[in-house]
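**Q** Full structure from sequences and hints, please.
So the protein lines, in turn, are chains Y and A.
Residues 0 to 481 in numbering that gives the first Met the number 0 are what the first sequence spells out, letter by letter.
Residues 0 to 451 in numbering that gives the first Met the number 0 are what the second sequence spells out, letter by letter.
Hints should not be assumed to be uniformly reliable.
Claimed, not checked - For lysine to aspartate or glutamate, the following DMTMM-like pairs were computed, each having C-alpha atoms within a straight-line distance of at most 25 Å:
1. Y:Lys366 with A:Glu290
2. Y:Lys361 with A:Asp73
3. A:Lys111 with A:Asp73
Don't read these hints as lab results, they were simulated from the structure.
Spelled out from the first residue to the last, the chains are:
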Amino acid sequence: MNYKMMFKVLGYILLIIALSMLPPLVIAFITGEGDFLAFLISMGITGVTGFGLTRIPIKKNVIKIKEGLAIVTLGWLFASVFGALPFYLSGSIPNIVDALFETVSGFTTTGATIVRDVEALPKGILFWRSFSHWIGGMGILVVAVAVLPMMGSGGFHVFKAESPGPVADKIVPRIKDTAKILYATYIIITLTEFILLIFGGMTPFESIVHTFGTLGTGGFSTRNGSIGAFNSSYIVIVITVFMIMAGTNFSLYYDLIKGKWRDVIKNSELRLYLGIIAVSVVAITIDTNLSFYHNWFEAFKHSFFQTSSIITTTGYTTTDYEQWSTFSQGILFVLMFVGGSAGSTGGSIKVMRILVLIKLLKRELTKILHPRAVLSVRVGGQPVTDDTLLNISSFFMLYMLIFAFGSIIISLEGIGLVGAASAVAATLGNIGPGFEFIGPTQTYADFSVFSKLLLSFFMLLGRLELFTVIALLTPKFWKTEL
Amino acid sequence: MKVMIIGAGKLGTKLATAMLNGEIEITIIDNNADVIETTKNHLDVLTVNANGAVKGVLEELKINTYKMAIAVTDNDDTNILISSMAKKLGCNYTIARIRNPEYANQLAFLKKIYKIDRIVNPELATANEISRYLMGSTPFYFGDYAQGKISLVNFNIKNSAHFVGKQLSDISQIDRLLIVAISRNGDTIIPNGATVLEENDTLYVIGQRDKVADIAKELSAIRAKKQIKKVMILGGGKIGFYLADKLTKNGMSVKIIEADRNRCKVLAETLHHNALVIHGNGTDINLLEEENLADMDAFIGTTGFDEENLFMSLRAKQLGVRKVVAKISRQSYVHIIEKLGIDLAINPVNITASEILKHIRGGHVVSVSLLLDGQAEITEIIAAENLRVLNTPIKDIEIPQGVIIGAIVHKDEVIIPQGDSVIRTGDRLVIFSLLSEVPALETFFRLKEGRQ
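**A** Right, here's the structure in full:
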């Protein structure tokens, strides 16, 4: 392990975090709601620490796989710890564990909150919460890859470890340019939604906060009633569409700009993703219309929004879906395990993995009938290698294991099985709200300190796709290689 | 005319054999001394033991005096290189064999940039023939000539009461059609009006396309007529791959049995999902039956072993598979195949040789196909102004035994020649001849003064 190099890069990451505290600092200064000083101090601490680390003299300018994995995991940990400073210092969240939970929830784009009354928070803090979604959605380390010349080819290890989905692909030959293209696309979509939401009657501040929350597939709002509080069908539809866009593989937008719309239409992951949404929306619309709304438009609007919100792992709500029938809630619960597309800002298992697993299942069924058959699993005409198949199967297995054991541990809280299980599913999948104890009208505030830390860990696990973090926890990782 | 063949493999020697007559001088180059030695002993050709891709070798042989260079070594890239060089060094017409499936979509491009006149792909051509046969509505093999106006069909009469025991002159079904040859127990007979048909004769019938289609339809009505949907292919080599690719794209489901595991993986990863790749030995009859061989509509043997193809095709026929095709590379099996009752025995080398031969028979030859496993051929020519036999009734022309003028297309009108039919300038002639008579045919249709 090249520790010096690792800490040096972590220093740069802290500088990026410090820099990203500038916009909330400005907002705090303008609004003058008493959080300005907290941001100034936080920025100072983060900046100085970061600057100090970047001064470390290094001998070898190399980032290998191990350093890459460590940088990603520790980078996210550092970002969460230092990112929690404004919450703590401003007194908005006086408990340090709560502040950490809120920050992890922000950066991992989970959107699970311990704040009961969001509307009481100062604007700078609200902005910082949502801004962390936006940064975390695309990836903190992607920024580092994009701007740091020193990352070089080692940047790909970092990029791979942080990017969501089973296989990380570069869009253009250079990893740096890939990162830049992804961020440029991200910024363009952000500006579009920001403007569209202002047209819907939101204030620019609320618009930017919700844009960040949508595109990072996070879910932090400025209102206690989330999107439902705005009482505007226009806003509901706009946010629904942008949630779905955020859950789509970002490289498809690049293809679209390049005029390869045929490839985009044929993309099998996109088709399955939209297909799952369509089927769920139809089922829930019919069900909720008959049992609850008795109004087709209302039923469609809410089911479309809620389905998109859960599958993309955003976690915004327009309605208390716990009043729906068990059938509709069941669909939402299952969608918590689907997630967005690979290469999107969405979390959870990802549609790509589901797609491959379905095909793998089909293959195994064929093999029962034809034991000697040689079959390949293909996605979009491209064969999936056995290594990838194995990786995806183990990912799914590990995900379910963590879900199962996590649920058992959280159930020690005595909050009912559905509440406990959905808390693990919602944090591991970076969704936010779950059912019962942490339903759409509830918060995570009542969990014990231990559970809050465990759930924060799950959020990180989920965002970094299990293996990156788990690898660091194995003793083998820390042994010096031979 | 001088022709150079580079590569003395199956195709190379086949071509040399088919071309040999007084008119053509053949030079064969191969860098394998043993192969050259065998060739030298069997064929009346000039043999050179050298690497044909070396510029010096080509120059020393005065490649610029050659009318044609045919590169048929076992390496595609070498063939491209040789053809391109030969062309640059002044050879009139160059042909390269390219068989890599990965190159199949860029042949036109390769031709253009390397200035190769013709590219042949025997495996692709074979697969095309087989799929054409499978997709055709008749249980027979069809060939089209004169831009589709004239067809040749061959079919086995089995024990049909319409044919067996009758003299040709008595058969009413073949009005305005011409039976050009009969294959009986592996022998080829050139029939006349008095020839009596026997059970299991295979007839080669030529005539106007719709007339031939009619008789084919009539005959197929006797047998079960069902579209081919399920096909089993034995062997996942190049032919198996091309064939499976083509059939699945036409909506058929295909099972490929391939013995090599790595090849199986390649096939599974590249073929359409309607193709099921089974890893196993083709001679393992239990495996084939487990994979529902009896349920198949067609069975194609395309492995590298003639014996395996034959034997398993026979088994498939016994189990009631309707169309059974076997790839046969060796000449000597032709007699056995006839007796086994396999529907179509196809020889990739013959198909390619046919393709190449048409470029050799002078400027007026439109097409040449080899029939009866190379024992006979169909030649299509356009009658030139100075042809010796113009404007003479056919009964007065001394046509060699074993040569039949199958059809004359005169200004879009198809004429099945009678004794007083006349050949006029610009007519298209479809001529059937035994291979042994080809040199005679060449001299017979020679022009009055010189060749073009």
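**Q** All hints are to be evaluated individually against the structure, with a verdict given for each.
**A** Hints and how they fare:
Between the alpha carbons of Lys366 of chain Y and Glu290 of chain A the distance comes to roughly 12 Å, so the proposed pair stays at or under 25 Å and holds. Using a Cα cut-off of 25 Å, the hinted pair Lys361 of chain Y and Asp73 of chain A is violated, with the two alpha carbons roughly 40 Å apart. With a CA separation close to 22 Å, the supplied pair Lys111 of chain A and Asp73 of chain A stays within the 25 Å bound.
In this structure, the one hint that does not hold is number 2.
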